[in-house]
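Chemist: Using the hints, position chain D against chain E.
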Amino acid sequence: MAVTVSVPTILRTHTGGEKSVEASGSNVAEVIEDLESRHSGIKARLVKEGSLHRFVNVYVNDEDVRFAGGLAAAVKDGDNVTILPAVAGGSTARECVTVS
Amino acid sequence: MLTIRRDLVDAMVRHARRDHPDEACGVLAGPAGSDRPERFIEMINAERSPTFYRFDSTEQLQVWRAMDAADEGPVVIYHSHTATEAYPSRTDISYASEPDAHYVLVSTRDPETDELRSYRIVDGEVSEEPIEVVESYMFSHTGADDVPDAR
Chain E
1 MAVTVSVPTI LRTHTGGEKS VEASGSNVAE VIEDLESRHS GIKARLVKEG
51 SLHRFVNVYV NDEDVRFAGG LAAAVKDGDN VTILPAVAGG STARECVTVS
Chain D
1 MLTIRRDLVD AMVRHARRDH PDEACGVLAG PAGSDRPERF IEMINAERSP
51 TFYRFDSTEQ LQVWRAMDAA DEGPVVIYHS HTATEAYPSR TDISYASEPD
101 AHYVLVSTRD PETDELRSYR IVDGEVSEEP IEVVESYMFS HTGADDVPDA
151 R
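In order, the protein sequence lines correspond to chains E and D. Following my numbering, the numbering of the first sequence begins with 1 at its first residue and continues without gaps. Following my numbering, the numbering of the second sequence begins with 1 at its first residue and continues without gaps.
No lab work stands behind these hints: they were computed from the structure. Honestly, I wouldn't trust all of these hints.
[Unchecked claim] Below, a list of computed lysine to aspartate or glutamate pairs in the EDC-like style, where the Cα atoms sit at most 20 Å apart: (1) Lys19/E with Asp100/D; (2) Lys76/E with Glu22/E; (3) Lys48/E with Asp100/D.
The following block holds chain E by itself, in its conformation from the complex:
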């Protein structure tokens, strides 16, 4: 199953600057393994302890895979896999909050 993977700026150091690369696999986990075999180091940026890293969003076509089985989400020939950095943060540093 050949798919096209869109790579965000922050991960293009692993793809020689390419914003779009080819990969194969029948689910997201296999696609990431295949990417890793040619773009060493990329897997560690995407997967932590067997699930998707909270710092990234991975989509198959238009669907966030977090709502479609995560790493087990199926991909078909010709699908587009898009990786985006999650944009998140906040003022929360609860251990620093003091109550007066």
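Modeler: Frame of chain E; chain D shown alone:
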């Protein structure tokens, strides 16, 4: 240095005030590589929280695709802190993954005073930068500094 039009500053502050006490967030898009914010895009805070924000992932995909199609990039990524100063928290730093973006924080902790500051966050390193507010970008290349910075 972040050079930014006054109407865009006003739009970010308005959004932050409206969503207070929840954190507000969004993007200012601009031509790729230009460092010039032009298009104001309010984003949904999927967390709807006073202490955390996260772009709704589906909306983010749509917005990022639209920017890509228009040859734009996220020049500014902004969010508000509603009870603390406009300085990046550890959470903000750990998530910051656009080394070319200006991270703008708006604090709404004081109802009377708008606090707006800008940062670069690269590899976990935070550096604050001055903000130059201009009425238009037409003359901003001259470096004219007759417009007061945002407070």
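Chemist: Please go over all the hints and tell whether each is borne out by the structure.
Modeler: Structure-based check of each hint:
1. Lys19/E with Asp100/D: Answer holds: Lys19/E to Asp100/D is near 16 Å, not above 20 Å.
2. Lys76/E with Glu22/E: holds, 13 Å
3. Lys48/E with Asp100/D: violated, 25 Å
Hint 3 alone, counting from the list given before, is not met by this structure.
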